[in-house]
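This is what each chain is made of:
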Amino acid sequence: MDRRPGLQPGRAPPAAGDVKRFAASWIAALLLGCAAPAAQDTRRSGFDEMGASTQAMQRDDAGSPAMLWVQEGEQLWRAAPASSRSCAGCHGEPSALRGVAARYPAWDEPLRRPVNLGTRINLCRERHGASAPGPPNTEGLLSLEALVGLQSRGQPIAPPQDDRLLPHRARGEALYRQRIGQLELSCAQCHDERAGGRLGAALIPQGHATGYPLYRLEWQALGSLGRRLRNCMTGVRAEPVAYGSEEMAQLELYPAARAMGMAVETPAVRP
Amino acid sequence: MRRAVGAGLVAAAYLAGTAAAQDVARYAVEGDAIAQPLTGEPGDAQRGRAIVANRQLGLCLLCHRAPVPEERFGATAPDLAGVGARYSVAQLRLRVVDPRRANPASFMPAFHSAHNPPRIGGAWAGKPILQAQQVEDVVAYLATLR
Ligand code: HEC
Ligand code: HEC
Ligand code: HEC
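Chains A and B, in that order, give the protein sequences.
Read in full-length UniProt numbering, the first sequence has 98 at position 98, and its numbers run on one by one without any break.
Read in full-length UniProt numbering, the second sequence has 34 at position 34, and its numbers run on one by one without any break.
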């Protein structure tokens with residue numbers, strides 16, 4: 001079976017009429033050098049590991065509970081209290097942000113550090129007075145993140161070629177490989193060495209962050225990548241990284257590099 | 001009982017347990033075994049089974065299969081069935097206390113170790129996963145799995 005990123009008809013299928021975008025993503029993946037036909041890509045999204053009914057839930061936007069958050073995001077996108085401007089007021093249609101989610105975390109010059117997509121949206125509130133909702137991981141922010149993420153669905157994950165990010169990505173990778181918490185396990189031990197095994201009832205995925213924010217059946221809600229990473233960390237009884245922090249953005253940079261070229265599935269569904 | 005290691009194989013005896021972690025018993029590792037029980041009270045296999053079966057306490061079944069039919073289990077580690085025949089009590093004790101002394105690359109956590117790993121969560125800092133007596137109980141249970 002063809003496992004080249006961005007070319008899997010079964011995964012996060014593009015809407016009809018998105019074929020051109022899909023082809024473009026394939027070319028982009030080629031340029032990034034991670035889809036050379038000779039080299040077999042063994043990366044698997046969490047989608048590939050799920051049961052058929054959960055896959056069907058993700059495929060069917062009409063039935064996916066994640067789309068409720070997207071609808072909420074569309075309302076927030078246009079909403080503007082008297083004191084502030086709406087996202088639409090500056091950015092126009094959500095589709096203007098096509099491809100943006102695929103390249104986050106990215107560098108923020110005023111903060112002089114990488115920020116993830118959630119933080120980036122909050123910055124528009126702080127700097128531009130946009131009407132985004134409160135602290136990280138609130139429903140409103142998740143909804144906007146899902147809406148922005150959806151605009152990149154099907155596109156290859158494309159971390160920016162930005163030298164300023166390199167030391168941060170390296171710090172993220174170091175944390176990924178460090179044995180942490182009372183159980184002294186690293187992300188790498190689970191997701192690189194033990195992927196495919198089972199922890200209790202849960203299958204250990206390769207840990208590619210392709211579909212965030214996503215609807216988790218266990219959470220009964222949409223959740224951010226930050227929530228996922230914090231869950232993995234508290235699972236090994238470690239002090240989790242804080243939402244919105246520099247450390248969180250660093251830890252997200254490394255999985256983004258690992259998943260380069262894989263298709264964005266946002267908003268995905270997971271068990 | 002089968003001897004864990006010949007006397008000639010006794011590697012550098014190692015004393016764990018520092019003032020930093022009062023909850024951790026002192027023990028000596030010889031070869032791939034800990035011969036001396038961690039406590040004066042003999043392990044209780046019944047209690048040990050309950051610890052192994054408990055997902056929050058023993059965690060064992062997150063990774064291991066075991067002859068505990070009433071619980072679901074993971075599959076990233078060897079089946080504990082028969083483990084009492086494969087290892088001596090002293091070897092089992094080391095494998096629960098600190099398996100990385102037997103295999104540095106081990107995926108299995110150290111259940112009774114004095115060292116505080118990086119980023120340990122506040123609620124767990126300075127504490128071993130299992131108390132000394134719980135380790136003895138678990139070892140007593142494992143020894144019955146023949
Ligand atoms: C003890 C094993 C373990 C460790 C350590 C661990 N994870 Fe996970 N991780 C899992 C499991 C199991 C899942 C699947 C979620 C579930 O079903 O509970 C998961 C899910 C994920 C996912 C989501 C994949 C998807 O398809 O959406 C990402 C990303 C991830 N982990 C990254 C990390 C990072 C980064 C670290 C280190 C900070 C880490 N994990 C540490 C076991 C682990
Ligand atoms: C008053 C204008 C304004 C408003 C309102 C606004 N933005 Fe922005 N946004 C910007 C500007 C300008 C940038 C470019 C970076 C910068 O200067 O901060 C930006 C950048 C972004 C980016 C990153 C784009 C990239 O290419 O990296 C995202 C995502 C985004 N905005 C989302 C939102 C959302 C969601 C809202 C509503 C909650 C919103 N913005 C409201 C002006 C605005
Ligand atoms: C996070 C995973 C994990 C947990 C939790 C865990 N183990 Fe293990 N265990 C392993 C792995 C993997 C091995 C295989 C050897 C190795 O990696 O060191 C192992 C090996 C063993 C062995 C040696 C078995 C053999 O056949 O070689 C024993 C005995 C054992 N574990 C008992 C336990 C007990 C008792 C508990 C709970 C108190 C437990 N383990 C919890 C992962 C785990």
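Because the hints were derived from the structure by calculation, they are not lab data.
For clarity, every value in this text was computed on a predicted model and none was experimentally measured.
A virtual CB, placed ideally from N, CA and C, is assigned to each residue, including glycine.
Mixed in with the good hints, there may be bad ones.
As the list claims (entries may be wrong) - Which bits of chain B does chain A cover? Going by a derived footprint, with three or more residues having C-beta under 8 Å, they are:
| no. | stretch |
| --- | --- |
| 1 | 30-36 |
| 2 | 49-57 |
| 3 | 129-138 |
What the hints assert, rightly or not - Computed footprint of chain B on chain A; a stretch qualifies when at least three of its residues, placed anywhere within it, have a C-beta under 8 Å from a C-beta of chain B:
| no. | stretch |
| --- | --- |
| 4 | 71-77 |
| 5 | 85-94 |
| 6 | 184-197 |
Said to hold, decoys possible - Derived, one-sided and incomplete: chain A residues facing chain B with beta-carbon distance under 10 Å:
| no. | residue |
| --- | --- |
| 7 | Gly-181 |
| 8 | Gly-200 |
| 9 | Ala-201 |
| 10 | Ala-202 |
| 11 | Ile-204 |
| 12 | Pro-205 |
query = Looking at the structure, which of the earlier hints fail to hold?
reply = The structure conflicts with hints 1, 2, 3, 4, 5 and 12, although it agrees with all the remaining ones.
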